[in-house]
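Working from the sequences, and respecting the hints, build out all of it.
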Amino acid sequence: MTNNNLARIVTDDHYSRLDAVIESTVKANADRNDLEGRFPKDNLDALAGAGWTGVLNEPRFGGLGLSNVDFAEAAYRIGQADASTGLIYVMHVGAAQTINLFGNDDQKERWLKAKNGGLLGTYSTSERASGGHWWYNFSEAGRDGDDYILEAEKSFTTSSGKADFYVVQTRTPDAKDQTDIIFFIVDGKAEGIESGPWDALGVRANHSGAIRYKGVRVPKRDRLGVEGQGKEIIYDGVSPVYLIGLGAVWEGVARGALNAAVAHATGFVHKDKNKSLSDYQAIRQELGAAKVLVETLRPWRNELAARLDDLWRAGKPQSEILIPLTEFKVHAAEVANKVAAAALTVTGGYGYRRGPIERSYRDARAAIAMGPSNVIARDWIGKSLVGLPLELFYEGGE
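Taking our numbering as reference, the numbering of the sequence shown is continuous, increasing by one, and the terminal residue is 413.
Quick caveat, the hints were computed from the structure, so don't treat them as lab data. Each residue gets a CB set at the ideal place from its N, CA and C atoms; glycine is no exception. Be aware that a few hints might be false.
Pairwise CB distance ranges (calculated) [stated by the list, open to error]:
| hint | residue 1 | residue 2 | range |
| --- | --- | --- | --- |
| 1 | E406 | Q296 | 45 to 55 Å |
| 2 | A329 | D57 | 47 to 57 Å |
| 3 | G330 | A43 | 36 to 46 Å |
| 4 | E310 | K331 | 27 to 37 Å |
| 5 | G160 | E335 | 35 to 45 Å |
| 6 | I396 | N274 | 45 to 55 Å |
When the alpha-carbon atoms are kept at most 30 Å apart in a straight line, the in silico DSSO-like pairs for lysine-lysine are as follows [stated by the list, open to error]:
| hint | residue 1 | residue 2 |
| --- | --- | --- |
| 7 | K191 | K42 |
| 8 | K56 | K191 |
| 9 | K235 | K123 |
| 10 | K128 | K191 |
| 11 | K290 | K306 |
| 12 | K177 | K42 |
| 13 | K229 | K130 |
Here it is in C-alpha cells:
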C-alpha cells in the first residue's frame, strides 16, 4: 500500500466522522436552534470531537493537518444542514488559520491545541463607523507597559459572547495612518468584553451581535504578528480562508434547498390528478434550472481551494487570488438566493411553512450582505477588470 493510498483511507475515515456528526447532531438541531435563536454549542462540540474544528491545524498542535480543499468541503457539507453552524465553523477555522499563518508556537499551543482542540475562535473586525468596509477600523489600541489596552466597538462578530477567543483587528497604538493595523488574540473571558443581542431574519443561531471591548488588557504574547503587520494579515491571513469557506457554506445552502425541493416534488401526490409534483413540466424546469446553478460551484470551489493549498505550501501570499475568491463568494451567494427562492416556489405552501426550505430562504439573504457585500465585491471585480485600484484604505490605493 502506498503512502498516498493510506492518506486517502485516513481522509475517508475523517469524512465518515464528519458526516455522522452532521446527520446526528447538526441536522437534528437546525430547526430548533433557528426557532429559539439558540447558539449551536452541541454541534460545535461534536465537530471538535470529530477533529474537524482543527482541520487545517498541524497534528503537533492537535489538528488534522488537512487542506483547504478539505476545509471547504466540510463547510459545504455543514452548510447543507445548517447555515448558522456553517458560518460559525468558517469563522472559527478562519481565526485558527490566521494563527497558523502568523502566530507562534506558544500561541498555537495555548489557543489551538488547548482542551483537545475544543476552544472556539472567531474573527472580530467590522465597526459600525465604516459599515461594510470591515477592513477599515477607527478604533486604536493603547499601550500600558508591555501590555496593550483594547478599546473598540465591533458591529458584527459571529459567536459574539460565545467564543473562547477572538482574533481582533484594530489600529496600532499611535498609528501613523489607517493602514497601520494590529491583530490580537483576545481571551473570550477577559474583563471588559460586552456582547450585544442577536435577533435577525436568518442565520438566527450564529449570534453575530455587536461586541464591545472596554479597556480589555491584552498581553504582548497574544499580539498576532508584529505591530503594523495587520494589513498583510487582512490580505493573506483573514480574507482567503474566509472567502473560500463562506462561498462553500452558501453552496451547501443551495444544495440543501435543492435536495429538499426535489424530495418534496417527487414525494407529494395530487390525489385529484394522481400526479406527483415532479410529473409537471413546469416544476421540472424550475428544478432543472436550479440544478444547473448549483453545479457551477463545486469545480470552482475545488480549483480555488487547491490554489490556496499550492500558495500555502510554497509560502506565497494567498491574496494572489483575492479577486477570484471574491468572485466565488458573490456567485455562491447569488446561487443560494436563487435556488432557495426556486425551492420555495416549487414546494408552495409546504415550503412556506417553518422548516428547512423556509429557513434556507431566510438564511441565504445573509449571503448578499456579508462582507464584502455583493454590491461592494462586484465593484472590486469591475475595478480589477479595467485596471483600477481597489481603494480599500485610501483614494488611488491598493
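Checked hints:
{"no.": "1", "hint": "E406 to Q296: 45 to 55 Å", "result": "holds, 49 Å"}
{"no.": "2", "hint": "A329 to D57: 47 to 57 Å", "result": "violated, 39 Å"}
{"no.": "3", "hint": "G330 to A43: 36 to 46 Å", "result": "holds, 42 Å"}
{"no.": "4", "hint": "E310 to K331: 27 to 37 Å", "result": "holds, 30 Å"}
{"no.": "5", "hint": "G160 to E335: 35 to 45 Å", "result": "holds, 39 Å"}
{"no.": "6", "hint": "I396 to N274: 45 to 55 Å", "result": "violated, 30 Å"}
{"no.": "7", "hint": "K191 to K42", "result": "violated, 48 Å"}
{"no.": "8", "hint": "K56 to K191", "result": "violated, 41 Å"}
{"no.": "9", "hint": "K235 to K123", "result": "holds, 15 Å"}
{"no.": "10", "hint": "K128 to K191", "result": "violated, 35 Å"}
{"no.": "11", "hint": "K290 to K306", "result": "holds, 22 Å"}
{"no.": "12", "hint": "K177 to K42", "result": "holds, 21 Å"}
{"no.": "13", "hint": "K229 to K130", "result": "holds, 27 Å"}
Going down the numbered hints, you'll see the structure goes against 2, 6, 7, 8 and 10, while the others check out.
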